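Q: One letter stands for each residue in the lines below.
There are 2 protein chains.
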Amino acid sequence: MSLSTKPYKGARDFYPEDKRLQKFIFKVWRQVAESYGYEEYDAPIIEPLEIYLAKTGSEIVDEQTYNFIDRGKRQVVIRPEMTPSVSRMVAAKRQELAYPLRLYSIPNLWRYERPQRGRLREHWQLNVDIFGVKSIYAEVELINLTDAIFKAFGANSTMYEIKVNHRGLINEILKNYLQLSQNSAYNVAKLIDRKAKLDKADFLDQLDQSLLDSEKANKVPEKLLSILDSKSLSDLPPALTKSDNFKQLKDLLSNLELDNVKYDPSIMRGFDYYSGIVFEVFDKSENNNRSMMGGGRYDGLVGLFGVEPISTVGFGWGDVTLVNFLKEHALLPQLKPETDIYVCLAGDIYTKAKDMISALRREGLNLAIDLTNRKLGDQIKSADKKGLNYVIIIGEDELKSAHFKLKTLKNKQELNVNLKELVNIVKHDSH
Amino acid sequence: MSLSTKPYKGARDFYPEDKRLQKFIFKVWRQVAESYGYEEYDAPIIEPLEIYLAKTGSEIVDEQTYNFIDRGKRQVVIRPEMTPSVSRMVAAKRQELAYPLRLYSIPNLWRYERPQRGRLREHWQLNVDIFGVKSIYAEVELINLTDAIFKAFGANSTMYEIKVNHRGLINEILKNYLQLSQNSAYNVAKLIDRKAKLDKADFLDQLDQSLLDSEKANKVPEKLLSILDSKSLSDLPPALTKSDNFKQLKDLLSNLELDNVKYDPSIMRGFDYYSGIVFEVFDKSENNNRSMMGGGRYDGLVGLFGVEPISTVGFGWGDVTLVNFLKEHALLPQLKPETDIYVCLAGDIYTKAKDMISALRREGLNLAIDLTNRKLGDQIKSADKKGLNYVIIIGEDELKSAHFKLKTLKNKQELNVNLKELVNIVKHDSH
Numbered sequence: 245m246s247l248s249t250k251p252y253k254g255a256r257d258f259y260p261e262d263k264r265l266q267k268f269i270f271k272v273w274r275q276v277a278e279s280y281g282y283e284e285y286d287a288p289i290i291e292p293l294e295i296y297l298a299k300t301g302s303e304i305v306d307e308q309t310y311n312f313i314d315r316g317k318r319q320v321v322i323r324p325e326m327t328p329s330v331s332r333m334v335a336a337k338r339q340e341l342a343y344p345l346r347l348y349s350i351p352n353l354w355r356y357e358r359p360q361r362g363r364l365r366e367h368w369q370l371n372v373d374i375f376g377v378k379s380i381y382a383e384v385e386l387i388n389l390t391d392a393i394f395k396a397f398g399a400n401s402t403m404y405e406i407k408v409n410h411r412g413l414i415n416e417i418l419k420n421y422l423q424l425s426q427n428s429a430y431n432v433a434k435l436i437d438r439k440a441k442l443d444k445a446d447f448l449d450q451l452d453q454s455l456l457d458s459e460k461a462n463k464v465p466e467k468l469l470s471i472l473d474s475k476s477l478s479d480l481p482p483a484l485t486k487s488d489n490f491k492q493l494k495d496l497l498s499n500l501e502l503d504n505v506k507y508d509p510s511i512m513r514g515f516d517y518y519s520g521i522v523f524e525v526f527d528k529s530e531n532n533n534r535s536m537m538g539g540g541r542y543d544g545l546v547g548l549f550g551v552e553p554i555s556t557v558g559f560g561w562g563d564v565t566l567v568n569f570l571k572e573h574a575l576l577p578q579l580k581p582e583t584d585i586y587v588c589l590a591g592d593i594y595t596k597a598k599d600m601i602s603a604l605r606r607e608g609l610n611l612a613i614d615l616t617n618r619k620l621g622d623q624i625k626s627a628d629k630k631g632l633n634y635v636i637i638i639g640e641d642e643l644k645s646a647h648f649k650l651k652t653l654k655n656k657q658e659l660n661v662n663l664k665e666l667v668n669i670v671k672h673d674s675h
Numbered sequence: 245m246s247l248s249t250k251p252y253k254g255a256r257d258f259y260p261e262d263k264r265l266q267k268f269i270f271k272v273w274r275q276v277a278e279s280y281g282y283e284e285y286d287a288p289i290i291e292p293l294e295i296y297l298a299k300t301g302s303e304i305v306d307e308q309t310y311n312f313i314d315r316g317k318r319q320v321v322i323r324p325e326m327t328p329s330v331s332r333m334v335a336a337k338r339q340e341l342a343y344p345l346r347l348y349s350i351p352n353l354w355r356y357e358r359p360q361r362g363r364l365r366e367h368w369q370l371n372v373d374i375f376g377v378k379s380i381y382a383e384v385e386l387i388n389l390t391d392a393i394f395k396a397f398g399a400n401s402t403m404y405e406i407k408v409n410h411r412g413l414i415n416e417i418l419k420n421y422l423q424l425s426q427n428s429a430y431n432v433a434k435l436i437d438r439k440a441k442l443d444k445a446d447f448l449d450q451l452d453q454s455l456l457d458s459e460k461a462n463k464v465p466e467k468l469l470s471i472l473d474s475k476s477l478s479d480l481p482p483a484l485t486k487s488d489n490f491k492q493l494k495d496l497l498s499n500l501e502l503d504n505v506k507y508d509p510s511i512m513r514g515f516d517y518y519s520g521i522v523f524e525v526f527d528k529s530e531n532n533n534r535s536m537m538g539g540g541r542y543d544g545l546v547g548l549f550g551v552e553p554i555s556t557v558g559f560g561w562g563d564v565t566l567v568n569f570l571k572e573h574a575l576l577p578q579l580k581p582e583t584d585i586y587v588c589l590a591g592d593i594y595t596k597a598k599d600m601i602s603a604l605r606r607e608g609l610n611l612a613i614d615l616t617n618r619k620l621g622d623q624i625k626s627a628d629k630k631g632l633n634y635v636i637i638i639g640e641d642e643l644k645s646a647h648f649k650l651k652t653l654k655n656k657q658e659l660n661v662n663l664k665e666l667v668n669i670v671k672h673d674s675h
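As given, the protein sequences belong to chains G and S, one line each in that order.
Per our numbering: the first sequence = residues 245 to 675.
Per our numbering: the second sequence = residues 245 to 675.
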């Protein structure tokens, strides 16, 4: 029996045309992150299980991680997210590093879940984190950076919406304003996090199950629904407008000069480590209505590694929903192959042609040589099948004259050029 | 108890200075591979176990893979090498792809082994493969490409040595010339593969154990040692010089215009899939005497996936021994941080300064803003600790005058400049 040619379920093979798109996305991510002073780091894809147990959230660790026991009997995980890794790294050099510390990475992450539109088992994720800034300028910078990345992909503010909330304000709503028991508050918080995925009846049903009878008698469902319907901070009951958390959110919104940011009281972000402002970005197209990226403040994570805690704000941005977004809004660029010229050889003259080919490579051109010694027509067909535009033919005559037949496959032109002319024509049109 | 800050054993954290070196290496690899017409691909880090069982070699699969059973009861592996993945991908699109097909990738690979100099559990590896070329021009191209990469890193031919051999010729030596039984031939082949890691006495001892008494009586050890001592093809017994395999090797050597290539009869490459010419590159420095990279022809692998086989030559080149090589020969470059300017804010003026900062970013400069509202001296210390050279200070005055104080930390200069002058100075000195 022969082996299957399929990639592992929920993961992708990247053929050159797929990889080209991925590299384009990574390049934009890198350029904008670096323009804001972020520096790239990386960590191993295998981490000890324990760094996820504390704060990631039990659903992810218990049901969705790829975890196993290694040959040395260690419990390890193929990372489902990057935040615990970067927190570990910062903790390891807590004293040596200079703050504010700006870090970014583009790791691949693994979660065992049912593959579906926008969710795969393996995805790549831009992770951006700033360490050592207590003020909301950290959140302001990360949201502006998010916006700058969307703009760098060619998007405008009608295509996506940035929603902000505050974990501390949610806690106040649940514990102080609605006076929920600790248990009810926990369950309701988890339910709010799932709200976008539930229809209204299911949400109400599960809300009912999450509350004590006394809480229901206290009209908690009505009060909560009214709060979740808030379209802006000014819709909140006056009792909530006096807290520091409320003021932080208000400050954040007034500092962001963006017309597509709004307060949304149901934005939670799943991870248990968020401690302050959280934000999430949604595609406004209805065909791609998933959360595209999100983040927030998690001041407590670095401290779990036995060092003094440090103020941290970060976000994660996956590649799968981003590609859907770019497709949906016709923002996918036309990307050319990296190869500039396909070189056909007339006869068995590879050895003789090597110096000429080296000379072209020294000019910065990327050249693929047809080494098959086939008929020229078949060689040219290969170039066409590869989506290449320029073909040169080298035979004994060309070696003597130092002129080439340059074929442009798109418009079926043919020119007789010398090396310098060839370089000019192709570079002018090149990436 | 707090969590450990160490990375998983045998794997590396990449802080920005480490990542910068890795990115430099990847950039050189990519540039040279693309100049030869190779296009980048990628595949999932998790693959089904079965694709390694057939041809990788039992030691790697049985003792060194990270394999486990996933939540769907599939036997999977964190890839220890890339060749089975790329073979699977080519088989999946056997008919659609255009040949010669040139592919490269820079995957991270995992092997469970004792970490030591030049060998870690996780490493990155440049994989370059050409599909669809039957002639030795494929090997010639890949060895020339290897050499071009060394040169692109600044190396010269006195620093490394390229050794070539032929699996077919080894088979002829073992089976026809030495007349070994199938079992002895297999064991001796494996032993030759380990030869560089054994001292002479151990090698002879294990050779003795690998042979039948009749073979020992036939002076096989003496004959084999004499062959393994060959410094060039002309040292081989005349009986071996008539085969096609010998002629291919001779052709290869005469086609390579390199002064550091030689025939070495003990080069085997561990993998079971090699079917023709194999090659390996060694650092000539005695402090780093491991094999640095290697490859060869493996015409049979794509065919295991149920399609027509295809001629293939490929190599793998790991990052760990390469870094050792670059260090050993003083070829490591000085790499600057990606951030061009550190911006200190005099007072709480982040909001007011944003337009000016955006204007500088639009000029293509990478700017890190100090958001801490500390004393200027402390802000400048952060810039220095980060290894940045240029610092500008923005306060109310600077916003009014549109001039900045530009400090150059290396030579402790201070200049008063406008935006245009600032851009000129920093870009002139930039990466």
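What the hints contain is simulated information worked out from the structure, not anything from laboratory work.
Don't take each hint at face value.
[Stated by the list, open to error] A few chain G residues that don't get close to chain S, going by computed Cβ distances all over 12 Å: (1) V276; (2) E416; (3) A627.
[As the list claims (entries may be wrong)] Here are the in silico distance ranges between beta carbons for each label pair: (4) S/K317 to G/D516: 21 to 31 Å; (5) S/F270 to G/D622: 31 to 41 Å; (6) S/R315 to G/N531: 44 to 54 Å; (7) G/L469 to S/N660: 27 to 37 Å; (8) G/K337 to S/D599: 46 to 56 Å; (9) S/A646 to G/L579: 32 to 42 Å; (10) G/Q426 to S/R315: 50 to 60 Å; (11) S/L456 to G/Q319: 20 to 30 Å; (12) G/G514 to S/A392: 45 to 55 Å; (13) G/K378 to S/D599: 18 to 28 Å.
In this text, all values refer to a predicted model and were calculated from it rather than measured experimentally.
Where is the CB? At the ideal position from N, CA and C, for every residue including glycine.
Q: Work down the list of hints and note, for each, if the structure agrees.
A: Taking the hints in turn, this is what the structure says about them:
Against chain S, the non-interface label of G/V276 is violated: not every CB pair exceeds 12 Å, the least being about 9 Å. Every beta carbon of chain S lies more than 12 Å from that of G/E416, the smallest distance being close to 26 Å; the non-interface claim holds. Not every Cβ of chain S is farther than 12 Å from the Cβ of G/A627; the closest lies at roughly 8 Å, contradicting the non-interface assignment. At about 30 Å, the beta-carbon gap between S/K317 and G/D516 stays in the expected band of 21 to 31 Å.
Between S/F270 and G/D622 the beta carbons are some 35 Å apart, a value that agrees with the proposed interval 31 to 41 Å. About 30 Å separates the C-beta atoms of S/R315 and G/N531, a value inconsistent with the hinted range of 44 to 54 Å. Separated by about 59 Å at the C-beta atoms, G/L469 and S/N660 break the suggested range of 27 to 37 Å. Restraint check, G/K337 to S/D599: a C-beta distance of roughly 35 Å breaks the suggested window 46 to 56 Å.
Under the hint 32 to 42 Å, the C-beta atoms of S/A646 and G/L579, about 39 Å apart, fit the expected range. The hinted window of 50 to 60 Å between G/Q426 and S/R315 is violated, with their beta carbons roughly 32 Å apart. Checking the proposed 20 to 30 Å range against S/L456 and G/Q319 shows it is violated: the Cβ atoms sit about 48 Å from each other. Checked against the hint of 45 to 55 Å, the C-beta distance between G/G514 and S/A392 comes to roughly 48 Å, which is consistent with it.
Remark: the range hint 18 to 28 Å for G/K378 to S/D599 is upheld by a beta-carbon distance near 24 Å.
Going through the hint list in order, the structure does not satisfy hints 1, 3, 6, 7, 8, 10, 11.
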